[in-house]
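Colleague: Sequence:
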Amino acid sequence: RSDEIRFMSPDQRRVTVNLYDVTGRVVKNIFDGAAKNGLNEILYSSKNLASGVYFMRLIADEKVKTEKVIFYR
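Numbering follows full-length UniProt numbering, in which position 34 of the sequence shown is assigned residue number 34; successive positions increment by one, without gaps.
A hint or two may mislead.
[Unchecked claim] Straight-line Cα separation of at most 30 Å, DSSO-like style, residue types lysine-lysine; simulated pairs:
(1) K65 / K28
(2) K28 / K68
(3) K68 / K36
(4) K28 / K63
(5) K36 / K65
(6) K28 / K47
Bear in mind the hints are in silico, worked out from the structure with no lab data behind them. Just so we're clear, the structure is a prediction, and the values are computed from it rather than from any experiment.
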């Protein structure tokens, strides 16, 4: 099973997406590379992660977006 992240980018730029646990530790590097202009879709697997609350952080240049993610197993 795959999970998906979708985001819009106004131009091609470097993007990093990491998943953090509640203590702030990086538990998974989801993506580190170039995003294209327009809609971007990134597939990743969360099957090895325990149930719980995590925080997904997307960094693109100076912009940072953090979202809470909850996994149920």
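Colleague: Against which earlier hints does the structure fall short, listed by number upward?
Modeller: none
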